[in-house]
Amino acid sequence: MSTKDNFLKVKHLYNRAGFGVSYTDLQKLSKKNLDKVVDNLLKDSQKDDPINLINDFESKRQLLVQAGLYAKKDLTDDEKKMRQQIIREQNEVSRDLNIAFITKMINTDAPLREKMTLFWHGHFACRSNNPFFAQQLNNIQRANALGSFKTLLVEVSKSPAMLQYLNNQQNKKGKPNENFARELMELFTLGRGNYTEQDIKESARSFTGWMYDKDGSFIFRQNLHDTGTKTFFGKIGNFEGENIIDIILEKPETAQFIARKVYQFFVNDNPNETHVKELATHFYNSKYDIAAMMKKMFTSDWFYSPENVGTKIKSPAEFLVGLSREFYVTYNKPQVLIQLQSSLGQYLFNPPNVAGWPGGQSWIDSSSLMLRMRIPSLVLNDGEIDFSGKADPEDEAVIALSRTATTNANANMKPKSYVNANADWPKFLNTLPKGLTPLALTEFLLQPKLNTKITTMVSDNKGLRSTAVEITSMPEYQLC
Amino acid sequence: MFDRRLAKHPGHEPSTKKLYTMNRRNFLRNTGFVAAGSLFVPAFMKPLEAMALDELSLYKNLVVVQLSGGNDGLNTVIPFGNDIYYQKRKSIAIKPEEVIRLNDMQGLNPNMAALQEIYDQGWMTIINDVGYPNPDRSHFRSMDIWQTGSDSNQFLSTGWIGRYLDSNCQTCKFPYTAIEVDDSLSLAMKGQTKKGIALKDPAALFRNTNDPFFKAMLQNDKEHLDEDNLGYLYKTMIETSSSASYIQNTSKVYQSKSTYPTSGFANQLKTVSKFISSGLKTRVYYVSLSGFDTHVNQIGQQGNLLKQYSEGMAAFLKDLKSNNKLEDTLVITFSEFGRRVEQNASNGTDHGTANNMFVFGGKLKKQGIFNAAPNLSDLDTGDLKYQLDFRQVYGTILDKWLDVNNADILNKKFNTLDFI
Chain A
0 MSTKDNFLKV KHLYNRAGFG VSYTDLQKLS KKNLDKVVDN LLKDSQKDDP
50 INLINDFESK RQLLVQAGLY AKKDLTDDEK KMRQQIIREQ NEVSRDLNIA
100 FITKMINTDA PLREKMTLFW HGHFACRSNN PFFAQQLNNI QRANALGSFK
150 TLLVEVSKSP AMLQYLNNQQ NKKGKPNENF ARELMELFTL GRGNYTEQDI
200 KESARSFTGW MYDKDGSFIF RQNLHDTGTK TFFGKIGNFE GENIIDIILE
250 KPETAQFIAR KVYQFFVNDN PNETHVKELA THFYNSKYDI AAMMKKMFTS
300 DWFYSPENVG TKIKSPAEFL VGLSREFYVT YNKPQVLIQL QSSLGQYLFN
350 PPNVAGWPGG QSWIDSSSLM LRMRIPSLVL NDGEIDFSGK ADPEDEAVIA
400 LSRTATTNAN ANMKPKSYVN ANADWPKFLN TLPKGLTPLA LTEFLLQPKL
450 NTKITTMVSD NKGLRSTAVE ITSMPEYQLC
Chain B
0 MFDRRLAKHP GHEPSTKKLY TMNRRNFLRN TGFVAAGSLF VPAFMKPLEA
50 MALDELSLYK NLVVVQLSGG NDGLNTVIPF GNDIYYQKRK SIAIKPEEVI
100 RLNDMQGLNP NMAALQEIYD QGWMTIINDV GYPNPDRSHF RSMDIWQTGS
150 DSNQFLSTGW IGRYLDSNCQ TCKFPYTAIE VDDSLSLAMK GQTKKGIALK
200 DPAALFRNTN DPFFKAMLQN DKEHLDEDNL GYLYKTMIET SSSASYIQNT
250 SKVYQSKSTY PTSGFANQLK TVSKFISSGL KTRVYYVSLS GFDTHVNQIG
300 QQGNLLKQYS EGMAAFLKDL KSNNKLEDTL VITFSEFGRR VEQNASNGTD
350 HGTANNMFVF GGKLKKQGIF NAAPNLSDLD TGDLKYQLDF RQVYGTILDK
400 WLDVNNADIL NKKFNTLDFI
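Chains as they are written, first to last, in numbering that gives the first Met the number 0: chain A, 0 to 479; chain B, 0 to 419.
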């Protein structure tokens with residue numbers, strides 16, 4: 000295998016399995032055998048480094064105060080103020096958490112773990128207005144990102160964020176709430192068509208009593224649990240929640256469902272069913288070992304075949320992280336990253352619904368594409384932002400409160416704002432070999448094959464910096 | 000009326016072909032000249048493009064107005080004839096003498112005075128208690144349901160207007176068939192293969208698409224058009240560019256003679272009016288006004304918003320009337336949910352379920368109040384029960400206004416209503 004050939008393969012691997020690769024690293028890695036590179040990638044991602052933004056104690060204290068305040072009917076003015084203060088703080092910390100996650104992706108030296116965390120973030124999609132719960136779930140997804148899918152599934156199912164989001168707090172003996180049981184099978188494991196309404200009804204009973212307490216920890220409330228006999232997938236027994244999960248994992252459809260979703264995320268929007276089956280079988284036989292499935296995928300020839308290289312539309316997170324990572328961007332006002340996520344249609348921690356972001360071509364419409372093509376010059380050249388994006392529906396209460404302070408006439412008019420970011424150009428240029436031509440830089444930065452138009456456009460010797468801004472503004476840069 | 004420069008760039012062919020075909024068809028119809036065959040418009044016909052304008056007045060427009068945050072319908076259209084309203088809303092009820100009375104039971108919030116004239120003209124219909132089974136009280140989820148037209152336990156990744164675009168009907172095949180006057184595109188406007196276009200300012204979009212770099216990217220792009228995702232990106236760019244030219248060139252000469260109040264919302268409507276009045280072949284417009292999540296001190300906040308809404312809407316409708324466009328325009332207003340019947344302890348209201356919708360237009364079949372006022376004595380754990388599914392309203396519009404079969408868009412057939 001030629002070094003050039005390996006160069007392109009490693010570049011593809013790092014674009015899909017991570018968020019890109021520097022030229023220096025790429026050159027070093029290209030000299031190695033591809034299997035070795037995959038091993039390295041997995042080894043680099045062994046370390047689990049959780050987000051510890053929110054102090055456990057402080058957040059629990061807030062929860063307690065809040066629970067007390069919500070339970071009360073008539074609040075004194077001071078209590079009202081306190082409740083509003085907590086909501087304000089929670090919103091602020093939620094934004095900080097968002098920034099912590101995206102910053103982690105930008106700076107991580109465990110790229111595969113963070114990429115997988117992003118995958119599970121969309122797979123186990125959840126919204127929580129409690130940032131401590133949201134952080135907890137994110138850390139569960141990170142800790143188990145490359146571990147056992149069973150452990151991941153059980154821990155997610157027991158997380159307060161998910162229990163709250165899918166109404167399992169209301170799932171009680173005699174009054175079952177089926178929301179969690181339904182999504183567990185429809186979206187988290189088996190997929191539509193592989194279970195019956197009866198299976199949902201019965202398994203919902205098994206999850207009665209799965210709750211979190213006022214401290215925000217999982218608790219199994221025996222007195223609210225339905226201990227009766229359940230019939231699930233033809234089996235009859237006194238099944239607990241864990242038994243239900245075991246039965247679901249016994250079904251190869253679960254491995255197929257996850258493998259197909261992984262394939263669509265890492266390989267191609269349109270799954271090749273033969274390849275998916277290969278992956279699923281491997282996943283199932285390895286007892287749902289996620290790392291084993293990933294290794295199988297990254298060492299398969301088809302992963303590097305032309306129809307799978309440079310043909311996927313980057314998600315907004317992949318686009319923003321990749322660009323920021325490539326050029327060592329620091330954001331002086333990191334809130335702008337939230338504005339960009341939201342305008343591009345992927346506000347992390349705020350998926351559209353429990354099905355997650357639909358992905359693929361749905362990322363692109365006229366306005367999001369125009370914005371994507373302008374972001375490199377905004378971020379890399381500190382341009383002025385002339386868009387404001389939409390408010391998140393969950394922020395409406397905050398908007399409603401702030402409206403009273405502003406006059407109506409200028410409510411929609413904002414002062415000029417800038418991205419206020421710095422790209423470390425000297426550092427970026429230093430990673431490039433001496434005498435690298437603009438054309439070679441283009442070949443490095445873009446994943447799709449170059450065509451004559453692009454080669455002509457970049458051959459007029461603009462210098463590497465201008466060339467880089469130009470290339471990253473191209474539609475081709477939207478693909479990886 | 001179309002940017003003829005586009006024709007010089009071979010890369011624009013796919014979309015310009017479409018545009019010219021359309022023009023030619025219009026031209027042919029206007030002259031009674033019948034021919035079939037060539038897709039290309041002969042050069043000598045080009046000066047006649049302007050003729051097609053006459054026909055544009057036949058275009059029916061739909062304007063969707065979204066009130067985000069869950070507008071409190073009971074303090075918007077006040078059931079002043081019902082004592083329960085006053086019992087449940089001790090400190091935030093609108094006093095009977097302040098209500099703008101529409102009949103013996105219901106009337107408008109005093110901040111909506113601007114709409115009284117509109118109502119009296121017969122340009123407004125109020126539909127009470129619109130909702131859906133198993134309502135969701137999360138803003139996000141309920142908005143999702145309203146925008147996609149899904150059931151409450153179903154997740155759709157396309158919007159109802161998006162699927163209308165996908166249906167590829169005679170009247171909805173242009174990339175500018177649906178325009179949202181905003182920076183980003185709502186899910187409602189996204190289909191599987193087609194999407195609406197979001198723009199706040201047509202001149203800015205036109206400038207951006209005429210940026211030399213952007214233009215250069217569009218040169219010789221033919222080689223991409225058959226490729227899957229890259230082709231899709233280029234197709235989107237080409238459509239954005241041709242739409243931006245079309246929208247800018249069609250609307251730039253139009254000068255509104257009406258005055259609008261100064262608010263962001265009124266500005267959006269002014270832009271829509273400009274598009275409609277200049278004869279844009281767009282069929283659906285989408286605008287929104289947010290801030291309706293009034294948990295605390297509702298009276299002042301909601302009052303301000305309703306005033307903005309009503310004054311903007313009244314100016315818009317009168318503007319359309321003076322341009323003879325009101326009969327071709329239908330406006331609907333919705334919010335993701337109404338609020339609970341009983342107020343909370345903070346002089347506000349919490350998330351509820353069914354809500355009223357407004358319909359405006361110059362050709363309403365049933366004007367005024369469409370159906371019975373909310374029944375405040377028959378509640379579902381403190382919330383209004385819905386009388387009509389919101390998809391019946393969508394279905395009616397799809398069938399009777401946009402001329403498509405609502406079952407094709409809504410995935411099942413919904414009975415239509417007779418407000419249009």
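Note that these hints are calculated values from the structure, not bench results.
A hint or two may mislead.
[Said to hold, decoys possible] Derived contacts from chain B toward chain A, CB cut-off under 10 Å, selection only:
| hint | residue |
| --- | --- |
| 1 | 104 |
| 2 | 109 |
| 3 | 198 |
| 4 | 202 |
| 5 | 323 |
| 6 | 345 |
[Claimed, not checked] If we take Cβ atoms under 8 Å as the criterion, some of the chain B residues that face chain A in the derived model are:
| hint | residue |
| --- | --- |
| 7 | 83 |
| 8 | 99 |
| 9 | 150 |
| 10 | 205 |
| 11 | 207 |
| 12 | 209 |
| 13 | 212 |
| 14 | 227 |
| 15 | 232 |
| 16 | 238 |
| 17 | 250 |
| 18 | 252 |
| 19 | 253 |
| 20 | 341 |
| 21 | 344 |
By construction, the Cβ of each residue, glycine as well, lies at the ideal position given by its N, Cα and C atoms.
Consistency of the hints with the structure:
1. 104: This hint is violated: residue 104 (chain B) lies away from chain A, its Cβ roughly 28 Å from the closest one there, beyond 10 Å.
2. 109: Constraint on residue 109 (chain B) not satisfied, violated at 17 Å.
3. 198: holds, 7 Å
4. 202: violated, 12 Å
5. 323: Hint on residue 323 (chain B): violated, closest Cβ of chain A at ~30 Å, above 10 Å.
6. 345: holds, 6 Å
7. 83: Interface hint status for residue 83 (chain B): violated (20 Å vs cutoff 8 Å).
8. 99: The hint is violated - residue 99 (chain B) has no Cβ within 8 Å of chain A, the shortest such distance being about 20 Å.
9. 150: violated, 12 Å
10. 205: Where the cut-off is 8 Å and the nearest Cβ of chain A is about 12 Å from residue 205 (chain B), the hint is violated.
11. 207: Holds, because the Cβ-Cβ distance from residue 207 (chain B) to chain A comes to roughly 6 Å (cut-off 8 Å).
12. 209: violated, 12 Å
13. 212: holds, 7 Å
14. 227: This interface hint holds because 7 Å falls under the 8 Å limit.
15. 232: Holds, because the Cβ-Cβ distance from residue 232 (chain B) to chain A comes to roughly 4 Å (cut-off 8 Å).
16. 238: holds, 7 Å
17. 250: With a minimum Cβ separation of about 17 Å from chain A (threshold 8 Å), the hint on residue 250 (chain B) is violated.
18. 252: Check failed: Cβ of residue 252 (chain B) comes no nearer than 23 Å to chain A, outside 8 Å.
19. 253: violated, 22 Å
20. 341: For residue 341 (chain B), the interface hint is violated, since the closest Cβ of chain A sits about 12 Å away, which is over 8 Å.
21. 344: Holds, about 5 Å.
Taken one by one, the earlier hints fail for this structure at numbers 1, 2, 4, 5, 7, 8, 9, 10, 12, 17, 18, 19, 20, listed in ascending order.
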